[in-house]
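Chains as they are written, first to last, in the numbering used here: chain A, 7 to 473; chain B, 7 to 473.
Just so you know, the hints here were simulated from the structure itself, not pulled from any lab data. Be a bit skeptical, because a hint or two may be false.
Identical chains blur together in the list; that is why a pair holds if it fits in one copy or across any two.
Only pairs whose alpha carbons sit at most 27 Å apart, straight line, appear in this in silico DSSO-like list of lysine-lysine [claimed, not checked]: (1) LYS242 x LYS304; (2) LYS415 x LYS438; (3) LYS455 x LYS65; (4) LYS415 x LYS304; (5) LYS65 x LYS130; (6) LYS438 x LYS455; (7) LYS219 x LYS455; (8) LYS358 x LYS242; (9) LYS438 x LYS358; (10) LYS249 x LYS130.
Number of protein chains: 2
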Amino acid sequence: MKLNDGFLTAISSLLPASQVLTDSVSIALYAQDWSNVLVPHAKAILFPKTTLEVSQILKIATLHHQTIVPSGGRTGLSGGAVATQNEVVLSLEKLNFIGPIHEGSLSLHVGAGAITEAVHDHCKPYGLTWPVDFASKGSSQVGGNIATNAGGVRVLRYGSTRNWVLGLTSVTMDGTVHQFNGELEKNNTGVDFRHLLIGSEGILAVITEATLKLCALPQSRLVFLFALENFSEVVKLFSYARKNILNLSAFECMDEACFQVTTRHLGITPPLKAPTQNGHGTYVLLEIQNENFERAEKWLTEVFENDYVSDGVMAQSEKDVETFWKIREGIAESILHNHEVHQEDVSVPIQKLEAFYSDIHSRYQKEYSEYEIFFFGHIGDGNLHVFIRKPKTMDSSQFIKMAHESDLKLFETLAQYHGSVSAEHGIGLLKKHAIHFSRTPLELQMFMKLKSIFDPQGLLNPGKIIQ
Amino acid sequence: MKLNDGFLTAISSLLPASQVLTDSVSIALYAQDWSNVLVPHAKAILFPKTTLEVSQILKIATLHHQTIVPSGGRTGLSGGAVATQNEVVLSLEKLNFIGPIHEGSLSLHVGAGAITEAVHDHCKPYGLTWPVDFASKGSSQVGGNIATNAGGVRVLRYGSTRNWVLGLTSVTMDGTVHQFNGELEKNNTGVDFRHLLIGSEGILAVITEATLKLCALPQSRLVFLFALENFSEVVKLFSYARKNILNLSAFECMDEACFQVTTRHLGITPPLKAPTQNGHGTYVLLEIQNENFERAEKWLTEVFENDYVSDGVMAQSEKDVETFWKIREGIAESILHNHEVHQEDVSVPIQKLEAFYSDIHSRYQKEYSEYEIFFFGHIGDGNLHVFIRKPKTMDSSQFIKMAHESDLKLFETLAQYHGSVSAEHGIGLLKKHAIHFSRTPLELQMFMKLKSIFDPQGLLNPGKIIQ
Chain A
7 MKLNDGFLTA
17 ISSLLPASQV
27 LTDSVSIALY
37 AQDWSNVLVP
47 HAKAILFPKT
57 TLEVSQILKI
67 ATLHHQTIVP
77 SGGRTGLSGG
87 AVATQNEVVL
97 SLEKLNFIGP
107 IHEGSLSLHV
117 GAGAITEAVH
127 DHCKPYGLTW
137 PVDFASKGSS
147 QVGGNIATNA
157 GGVRVLRYGS
167 TRNWVLGLTS
177 VTMDGTVHQF
187 NGELEKNNTG
197 VDFRHLLIGS
207 EGILAVITEA
217 TLKLCALPQS
227 RLVFLFALEN
237 FSEVVKLFSY
247 ARKNILNLSA
257 FECMDEACFQ
267 VTTRHLGITP
277 PLKAPTQNGH
287 GTYVLLEIQN
297 ENFERAEKWL
307 TEVFENDYVS
317 DGVMAQSEKD
327 VETFWKIREG
337 IAESILHNHE
347 VHQEDVSVPI
357 QKLEAFYSDI
367 HSRYQKEYSE
377 YEIFFFGHIG
387 DGNLHVFIRK
397 PKTMDSSQFI
407 KMAHESDLKL
417 FETLAQYHGS
427 VSAEHGIGLL
437 KKHAIHFSRT
447 PLELQMFMKL
457 KSIFDPQGLL
467 NPGKIIQ
Chain B
7 MKLNDGFLTA
17 ISSLLPASQV
27 LTDSVSIALY
37 AQDWSNVLVP
47 HAKAILFPKT
57 TLEVSQILKI
67 ATLHHQTIVP
77 SGGRTGLSGG
87 AVATQNEVVL
97 SLEKLNFIGP
107 IHEGSLSLHV
117 GAGAITEAVH
127 DHCKPYGLTW
137 PVDFASKGSS
147 QVGGNIATNA
157 GGVRVLRYGS
167 TRNWVLGLTS
177 VTMDGTVHQF
187 NGELEKNNTG
197 VDFRHLLIGS
207 EGILAVITEA
217 TLKLCALPQS
227 RLVFLFALEN
237 FSEVVKLFSY
247 ARKNILNLSA
257 FECMDEACFQ
267 VTTRHLGITP
277 PLKAPTQNGH
287 GTYVLLEIQN
297 ENFERAEKWL
307 TEVFENDYVS
317 DGVMAQSEKD
327 VETFWKIREG
337 IAESILHNHE
347 VHQEDVSVPI
357 QKLEAFYSDI
367 HSRYQKEYSE
377 YEIFFFGHIG
387 DGNLHVFIRK
397 PKTMDSSQFI
407 KMAHESDLKL
417 FETLAQYHGS
427 VSAEHGIGLL
437 KKHAIHFSRT
447 PLELQMFMKL
457 KSIFDPQGLL
467 NPGKIIQ
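With the rest of the complex left out, here is chain A (with noise of 0.2 Å):
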């Protein structure tokens, strides 16, 4: 594609220098995200202050005919914000403000660009958290977080991130501010355009602006590591704990592969003793939220007389509390440390899990022995994470042909239980080829009609999802 001198022109008398990067260095880092598979490509990078330099933007990059990609903090996995043609990328990282908190309503207002961890220790200190958390939340953005209803470790307690925004600031192409709900806890007044840009990557408007609705922090929380034999059991003590546990606020599993690399990556000393040089099979990370410790006791007796574990420690400290969740953070960077990773994120109805697991579990052993294969994921959710590192000795181009064979016989068995081929990555460009899958052909069709109402000519975050 040329460069389009007339956008960049007419860019230049709207904003200062200051925010505009047109060199390479900023287009590498800022035209890719975590996925880092895609080869960055993009004309400009701008920095908007406010909705309405959005909306100034957008007006001009309509005018001119220009595509654009909205970017927050680029801790995607599917490519929603990566730039490849050539796009402008407006990084919304400098509408960052985080408004004061309305102590009645439990609710914040904030710029699409703040950090959502800076967004955490801004209501600690009253108590209060917005309770979207994953691992990247040190880098992600809010407006990120809702344009692709981020999960995480504590969608069984808290649901995903749509369930934490009252109201949204968007602005469409042709540089019209949406205000949708306000800050409104209840209103019936016909459809609720929030939940359609909530998910929607960033293919119908821009997210400038939320109002979070927030939660208090948890007063307490009593968190476990257990050792199990195999995934059935996990599935096992999943149904008890979600029974019998009141205020079960997060129920992780990792198998021993990722429990190995992670606990060494990080230098963690196990903080369960290896009955073999096997190890345990797999482990459970199980979180407690706000439980008397009688209580808490009393499940923790039942779970080792019934056999649901082998083997289990409670965090008996606020250091072993970080640690545990330390390992089960670090699970993914550490497969990634010094390795080409071919990772799915993917999730079934969860009375199916046992059933699909074991499928795909003996597939993987059967038809690909020669690679060092991690499962880990939110069991609560249905949600499995299968990562695949490149063997040192097989060529990239090899490694990312068997990677698609393999996610093909994975989508087919996927499709056989009527999962999803993206639980919590969103579709962006890596999953395109895949939705099909998970999506009917009626719905895509739907998809693009409803692009066509928000943006007509096609210039937002082109090429992904759809199209």
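Dock chain B against the given chain A, drawing on the hints supplied.
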């Protein structure tokens, strides 16, 4: 409109006579809802028993250009399911299966016609519930709850109906059956059409089946009835309660007029003694789930020591709990009993509730002193109901004229507070004139475009919300 024989003839070869009613008594019943303001006028009532039958009916309807009004328990208060223009009413009441409960995934598949309370009763033996709960649960149906994103008395704890629907089966006018989201907890594969249909009041597609998300029944509950001097005190108590009570599950408010008329109508001895002839002023029903008694006693002491309330009583038995809730849930029917009533259902951001109430309350007192006016609502959701009784001596048309004038002022005030003209009752036919106070002209245009994607001929629930 003239009778469209072609449609009914085609239907008669699809459905047995027992699934088609055309008599005037049935039409008066099935073409009407609890608002009871509009004159029902329908051609026939159809009772499909399966999603397939719904699909076949809608195909035939499209062929004959026949308008359709989907219909549930008809407990709506905005005329969203009323047929006034010789439409065909599509009652889902025979599509009312309730499937087996999946205890692992806490999910339940039901037909749209399943009665809300029947779903509760079905779940109870498993220690589970579908936490959508309100006064008309004995008649309302799941499909209607979803189509209106029903609120109710426990939104504060569980959120609206939207949060408790895993999957939706629906049928568009062309007869296509859509299955949105299956039974997945997490599925980030583009726009979530499920959330488009939830709250769309049957103008896009007919909801025929749903997979509901369940949760554990509370193991215990403590219910209090407090008396307070005025609404400012109510807001103060709410702020305190929300911050200090971990498992607050309901915070309902009613004024003295509601309390008097309800206890009298239901023949309930007031659980709190009135200090003067004028009573206390205002009342709060507060419910806490799964709380230990010691912690509850501690804050109860605080509540009294800080003079948050002027009087209060805790339910001492399950019978007390029932009585307190009976008062709250009996308000609407008690006000309506033998009276013509004009009702409003509005909401504002919670932090603005006190100022908003003060504004409208003083205006009603000043300008409408000759009317009996009742205020009650779900304070925790920023949601107030205002009911005005027609004086016995006034004629209906004069009352309606007054109510409309009064509404106009209410809505103007509401718009200043960025509130909703329909917090939980929906727009239907009766709130259409007010929708522009809560939604922009551009949003209404977008509604129309959305409608044309799903129902290009405009045959489904015509005239509702928009048009």
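Checked hints:
Proximity of LYS242 and LYS304 under a CA criterion of 27 Å is satisfied intra-copy only: 18 Å inside one chain copy versus 38 Å between copies. For the identical chains of this complex, LYS415 and LYS438 are intra-copy neighbours only, at 16 Å inside a copy versus 51 Å across copies, given an alpha-carbon limit of 27 Å. Taking identical chains as interchangeable, the C-alpha atoms of LYS455 and LYS65 lie at most 27 Å apart whether they share a chain (22 Å) or sit on different chains (22 Å). In the homo-oligomer, the alpha carbons of LYS415 and LYS304 never lie at most 27 Å apart, since the shortest distance is 44 Å inside one protomer and 58 Å across protomers.
With identical chains, the CA atoms of LYS65 and LYS130 are never at most 27 Å apart, being 39 Å at best within one copy and 55 Å at best between copies. Taking identical chains as interchangeable, the C-alpha atoms of LYS438 and LYS455 lie at most 27 Å apart whether they share a chain (17 Å) or sit on different chains (26 Å). For the identical chains of this complex, LYS219 and LYS455 are neighbours neither inside a copy (31 Å) nor across copies (30 Å), given an alpha-carbon limit of 27 Å. For the identical chains of this complex, LYS358 and LYS242 are intra-copy neighbours only, at 13 Å inside a copy versus 47 Å across copies, given an alpha-carbon limit of 27 Å.
In this homomeric assembly, LYS438 and LYS358 come within 27 Å of each other (Cα to Cα) only inside a single copy, at 25 Å, whereas the closest approach across copies is 44 Å. Only between protomers do LYS249 and LYS130 lie at most 27 Å apart by alpha-carbon distance; the minimum there is 13 Å, versus 30 Å within a single protomer.
Checked against the numbered hints listed earlier, the structure breaks hints 4, 5 and 7; every other hint is satisfied.
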